Each structure stands twice: as C-alpha cells, then as structure tokens.
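Trainee: Here's the letter readout for the chains.
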Amino acid sequence: MTDQAYNFAYLDEQTKRMIRRAILKGLAIPGYQVPFASREMPMPYGWGTGGVQVSAAILTPDDTFKVIDQGADDTTNAVSIRSFFERTAGVATTTATSAASVIQTRHRIPEEPLTEDQILVYQVPIPEPLRFLEPRESETRKMHSLEEYGLMHVKLYEDISRHGHIATSYAYPVKVEERYVMDPSPIPKFDNPKLGDMAAIQLFGAGREQRIYALPPYTQVVSLDFEDHPFEATKADQVCGLCGATDSYLDEVIVDDAGGRLFCCSDTDYCTARRAQGHQGPAFLDSEAVA
Amino acid sequence: MLADALAGGFDTPATQSAHAFRSVMEAMARPGAIQGIQGGAPPAPLSVAAGTVLLTLCDTDTPIYLAGKADHSDVRAWLAFHTGAPLTGPSHAMFAIGDWDALMPLSSYPIGTSEYPDRSTTLIVECAELEANGTTLRGPGINSKAMLSLPETRAFQDNRALFPLGLDFIFTCGDRLAALPRSTVVSRSHGEAAPAQGAF
Ligand SMILES: [Zn+2]
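Chains as they are written, first to last, in numbering that gives the first Met the number 0: chain A, 0 to 290; chain B, 0 to 199.
Rather than coming from a laboratory, the hints here were simulated on the basis of the structure.
Warning: the hint list may mix true and false statements.
[As the list claims (entries may be wrong)] Going by beta-carbon spacing under 8 Å, a handful of chain B positions derived as facing chain A:
no., residue
1, Thr14
2, Arg21
3, Met24
4, Asp60
5, Gly140
6, Asn142
7, Met146
8, Ser182
Every value quoted in this text rests on a predicted model; they were computed, and no experiment measured them.
Beta carbons: idealized from backbone N, C-alpha and C, even for Gly.
This is chain B alone, in the form it adopts within the complex (with noise of 0.2 Å):
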C-alpha cells in the first residue's frame, strides 16, 4: 500500500543519517565490531538494520540488487519512495542486499577495476544470528584478533585474495550490524571442524 511506502522513513533526515553513518562507519572500520544501528523502519522482510543502511547510503546514484525475499513489492515501493534508487542486477548492483544463499554467486558482483577498485559491490547481508564467535579476522581496523559469526569462510577468503578489488560486506541482523571489507583475513577458528574433502 501507498501509505505503508510513505511511512518508515526517517523522521529527521539529516541528524538521523548522520548517527547511522557513524555506525556504519564505525563497522567498516573495525571488522567485526558489532555496532547498534536505528532510524530506519522498513517493510518485511528487511531487518531495521538494513533498512536503515539502505536510507542512509542510497539514492538515485546508487543501484541496488534486491535478492531473493528482499525482492518484494512492499520493499521496492519503499525504496522507490525513501532513495529513489534504481533496482538493477548484480553485475551492475552498487549495493545488493538479501540473504547470504540468495545473494549468489559472488562472482555476478563487480569487484572493482585495478584503476578503481572502489568501483565494487557493497553486499547487505541479513543474518539469523550476528555474534563475536566463529570466524577468526585479521587485518586493518583489527587490534591483533577479532571474531565474527559469518555464514561461511571460504567465499571471504577468496574475496581478500582479490585484494586490492574485492566485495565489502555489511552483515545486518535485527537493529545490530557488523562488516567486513575486502581487506580482512578470515580463518576458521580453532576447534571448527574443516569441511570434508569433496564436499563441494
């Protein structure tokens, strides 16, 4: 409904944007680090987390991939009214946002150029859970160790070796997120079982 795409916005844009950028800023600084994020209200299946993110950082520059669930009508009218933002596919996609299974393949998403390797893909990650346990990472924005419960490690090792092009990653779960850009070591942590041979 109109009414529902009008609603859910923020009501003091530009106090309001400014607070969820430092978070999201904060979050891509320091990988792993979960940050509380608000402002945003936006229709189902969006987190408060994404949504928010989404009315912080994209506008009618910003082409954004809706995957799988998040590809509903109630979400793009909301979006159309909040951003503006063109809805596009992956391989053309500034943001993409879904679930983990529907945002693949990861190789659809541009990774950047080595001229301009900034010219890549912020993926919006919804996740069940989002907790400092799990993976293992390394690297800038990391004092010695972090961890971080991302759904996989393989696909993020892959994408630091592209390093310095690669896909940054936003992992949003009810009003909390973290990130992990492409600059990150991941390593499964000790204890964690390794995946059996020819699994894949």
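One chain only, chain A, in its complex shape (with noise of 0.2 Å):
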C-alpha cells in the first residue's frame, strides 16, 4: 500500500521526467557528470539524497528494494531509505541481494555478483574525482572535457614516493571505456574491480552537489595505476571469524568490553547466507575450543 499522502516514489511527474532525462544522457556517456535540478529531500543530505532521488526516478511498483550502508541493511539510514520507499513506491523489500531487483547502496558493492536484471544505485557524496586538486566546478569541468587528468596522476604518484604504495584506500579513481576519470563513490577498492564488466545497470547520484552519471552494464572501468605499482584491490589478509569467507572484504569491529576484536564480512547478506549454508568462521571454532 502506497500512502496516499505523497506522490509515487515521493517525487513530482515533472521532477522524476527530468531526473529520467539526466540518467539517458549518464548512460549514453559513461562517466560523465549530468548537472541536475536536485531537489529537497524529506531526510538530511548526508543521507543519501541524490540516490534517493535516483531510486525514485527509477522505480516501479513491481520491484523489489534493498539498501545496504557499508554492506549492511540494519543501520538507521539504510532501514528509513527502505521504509521511505515502501512508504511512498510500495514496493516490497528485503535484504537478499538476489531476491532484490534495485539495491540502493552507500559505500560498498554486494560480494555476491549483480546480474542483468539488477540495478545498483549508488549514494555519491562527492562525485569530483578532481576536486581536491582543483575546487572549482568551472576549472574541473574544464580539466574533464580536455581529459586533462596528469594532475591526478601526479598525486597518485606523490602517494607512492610518500608511502611506498598508493595509499588512497576508498573513493579510488577510475577511467571509463578510456575517457572519463570518475569516482566511485567511497566504495574501498577492493569493490573497484566490481565496476567494469558488470551485468548490471550502475547509477550514482549525489544530491548535495547535483550530479548524476552512469556506467552501463559490461562497461570498462580501469582503476588508474602506473607500470611499476599497479594497482592492487586489497583488503585485511583474514578470513570473516564469522563465516570463514576468505573473499569477502572484511571489517574489523569490536566484539566485547575486552576490546577483543573480530573480522568479519562487511556484506551481511552475504555472510547471514553462508552462514545458513553451514560455513562456520574461526570465531566459533576458538568458542568450542575454549569451551
């Protein structure tokens, strides 16, 4: 059931025909930023708004929504997007990667793969890979349509001189199909190789800063690297003490007053479904030794 009160996926026709508008020109240029009319949400901008409003563009009453924030489907932001959108869509939801046919995301790409009949949205804080060498909309804008990016490639390489290795962690600049430099959002880049060749539709909104862009599906995306230091997809060298996944990324987070420490999936769907599959992590292992 739909609340009455709003319109269809919260949005106006003529907000949702214009958003729509934006996300063909994403598709037909991948990479590249569409400027849009973003409008107020009924939630803070640091809540994910622009992809809010792509969800909202994008949604039928027959799909089925997931939200994950940094992998997980329980936090407060991730449960109110998905009530909102039960709210005003009416669609059902669930926290199934594969039972989901749009899954709106902060931060992470579900582990298990997307398929092509599936779309990702993204929540884009920043959407300007260049921004930090350059704050200037004007100037960025400039520096894109002249694919002026050695500057980008100079501060990757002052991180090697610095740390030995490329230090950036999350929010890892791409290439698309050899053209655009694109942030990823603050996915870690251990997800950048998720990117290209994917099955699915890939979307990212970012509210604050109006920008919509797109990667169509089974399209190159090249995390941007040197000869002599590629570029390696890391994550914490653990297995998740939970479910024993050795392929999954990993958080570390607290387990008890101790401060003893646990890894674990960060994906929970993924982890909650190898779990129900029999996989047991080392977590459970030391337990039943101890015990």
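Work from the hints to combine the two standalone chains into their complex.
Mentor: Following this line, the structure appears as structure tokens:
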C-alpha cells in the first residue's frame, strides 16, 4: 500500500522526468557527470539524497528494493530509506541481494555478482574526482573536457613516493572507456574490479552536488595505476570470523568490553547466507575450543 | 478534434511512466536490445512506442522537433495537451521525432559542448521494422556484440567519431523500441555488401 499523501515515490512527475532525462544522458556518456536540479528530500543530505532521487525516478511498483549502508541492511540510514520507498512507492523490500531488482548502496558493492535483471544505485557524497586538486567546478569541468588528468596521476604518484604504495583506499579513481575519470563513490578499492564489465546497470546520484552519472552494463572501467605500481584490490589479510569467507571485504569490529576484535564480512547478507549454508568461521571454532 | 487530443495519455501517469521509463532506460543502457513499451495511445502517424516515450520524457522544459509526417496537427494538439512541450526546429530540439529520412540532415541538431556533452538532441526514429539483425553493435552496455536493423551504418559511425559529443537515438516500431547512444561502435555485418564507390 502506498501512502496517498505522497506522490508515487515521493517526487512529482516533472522532477522525475528531469532526473530520467539526466539518467539517459549519463548512460549515453559513461562516466560523465550530468548536472541535474536536485530536490529537497525529507532527509538530510548526508543520508544519500542523490541516491534516493535516482531510486525514486527508476522504481516501479513491481520492484523489490534493497538498501545497504557499508554493506549492512540494518543501519538507521538503510532502514529509513527502505521504509521511505515501502511507504511512498509500495515496493517490496528485501535484504537478500539475489532477490532485489534495485539495490541502493552507500560505500559497498555486494559480494554476490549482480545480474542483468538488477540495478545498483550509489549514494555519492562528492562526485568530482578532481575536486581535491581543483575546488572550482568551472575548472574541473574544463579539465574533464580536455582530458587533463595528469595532475590526478601526479597525486597518486606522490602517495607512492611518500608511502611506498598508493595510499588511497576508498573512492579510488577509475577511468571509464578510456575517456572520463570517475569517482566510484567511497567504496573500498577492493570493490573497484567489480565496477567494470558488470551485468547490472550502475547509477550514481549526488544530491548536494547535483550530479548524476552512470555505467551501462559491460562497460570498461580501469582503476588508475602505474606500470611499476599496478592497482591492487586489497583487503585485510584475514578470514571472516563468522562464516570463514576468504574472498569477502572484511570490517574489524570490537566484540566485547575487553577490546576483543573480530574480522567479519562487511556484506551482512553474504555472511548470513554463508552461515545458513553451514559455513563457520574461526570465531566459533575458538569458542568451541575454549568450552 | 479536441476530444482526440484529450485522449491517449497515461491513465495512471506515475506508475505507467515509471514502467515506460524502465523500458527506455534498459534500451539506452543495452544498445540494440529490443524492449516492449506501452501506455500511450498517440494519434497517427506516431507509434505507441514513440508516443509513450514522449509522454514519459517530455514537458514544458523539452523543445521537440516534429519532422516530416510527424508534424501533423493531431500530433501537435496531442503533445500540447499531454506534455506542454514547445515545438521548435532541429537546431534547438532536445527531442526530435520522425522517419529517418525526414529527420535528416543530422548536422542540424545540437551535439552538446565539450563541457556539457549531455546538451544534445535525442532522436526518436520511427521505423518500419526493428529486428536484431543487420548491423553489428559493440561498446558500453553490450556484452561482446549485439545486432540491430539500423536505417544505415555510416551516419552512426560519423556520430560515434564525435564522442563524447554526439546524438543519441531511440528507434521505435509499433510498441517496441531499441536505442543507440553515441558510445556505440557500429559496423556493417559480415556478408552485407559495401556501397559502391561514388554512390554519394
Ligand atoms: Zn562472513
């Protein structure tokens, strides 16, 4: 049931048309940031209003919607966006990655490979990968138009000379189809290889900065790197304490008052599904050994 | 007639336009993939697909160019009532609609600027046929390759050469559509004869 006090998916039809036109141009020019007139949403900017507006423009009542925040479905932010669209668009919701037709995300790409029947919507805080080099929008726009990406490489190389490796571990810049340098939003660089050649459509929405950009399926996406320092999709060199996964991105969490620490999957649906299949991580083996 | 102009819009605009947009988005995201689309009932000569795309994307902010037979008084009245979109010539069109020949020459449409390549025309091309054969498509959105019956090859190669500037195309036929964004690399399929030299 939708709440009739709202428009379908909250936004009025004219706003949705404007966002839809921006999405189409974004898909036609992969990695290019399309300006759009962002609307006030009934939530603060930090809560992913760009992603929410993109979701509002693409959802149909037939969709099954999932929201993840840092990989988890149960944070305040994820729960509130999910219930927002349950109420305003009447969509079914899920926490299972494979059951979702539209997934809105902040800071992660699900571990489970997405399919052609799915759409991934990113909440983007800062869409401009060149922003830290040049604060003026007029200048960064010019740099993109001229493919002036040398400074970006210099910045990454400074990391190498200072740290011995590229220290950027989130929002690691990528080049799309050998043309536009794009900010993949603050996903860990562990997720960067999933951006390219993905079967699902990827849409990026930045509310405060009023930008929409997109990656069509099967698009070439390359993380910037150097011959002598190739890109590495790093993660903690541990296994998940709960499900034993060796291939998933891990968060380090404090588990007790004594400051005990545990590495576990950041993608909670992935971890839950593995445990349901009977996989068990060393955290359980340890406790059995103690008992 | 006024009564005709009032008919043929969406009965439930919010959900019908949402479904229709998903068809258009899937088409633009997957060049060459043919999608069904419905909801609009435009006057002749517009197809259901073309009329539904216009209802879904157009309003007072989107100047439309009606080319050739599409520039019909019934179409004008219908668009005015359901979209409020201003009519214009090709050089100011955000959307253009018509048969391929009527839409020519492509050089008359805006292709965007180097800083705003999105400010370019989307052409809705009414086609007598729309099939997954003829021309080979490669590029973003396409897993290896796709096939689509395009009205010609050369114009799309020239358009691709402008990337990231360029025009984007939606091909409509009955209640189906497919799209070809500027990013797609188009080549004549094996076995199709090359045009004779000097044909132009
Ligand atoms: Zn796990």
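Trainee: Decide, hint by hint, whether the structure agrees.
Mentor: Hints, verified against the model:
{"no.": "1", "hint": "Thr14", "result": "holds (6 Å)"}
{"no.": "2", "hint": "Arg21", "result": "holds (6 Å)"}
{"no.": "3", "hint": "Met24", "result": "holds (6 Å)"}
{"no.": "4", "hint": "Asp60", "result": "holds (7 Å)"}
{"no.": "5", "hint": "Gly140", "result": "holds (4 Å)"}
{"no.": "6", "hint": "Asn142", "result": "holds (5 Å)"}
{"no.": "7", "hint": "Met146", "result": "violated (16 Å)"}
{"no.": "8", "hint": "Ser182", "result": "holds (6 Å)"}
When held up to the earlier numbered hints, the structure conflicts with hint 7 and nothing else.
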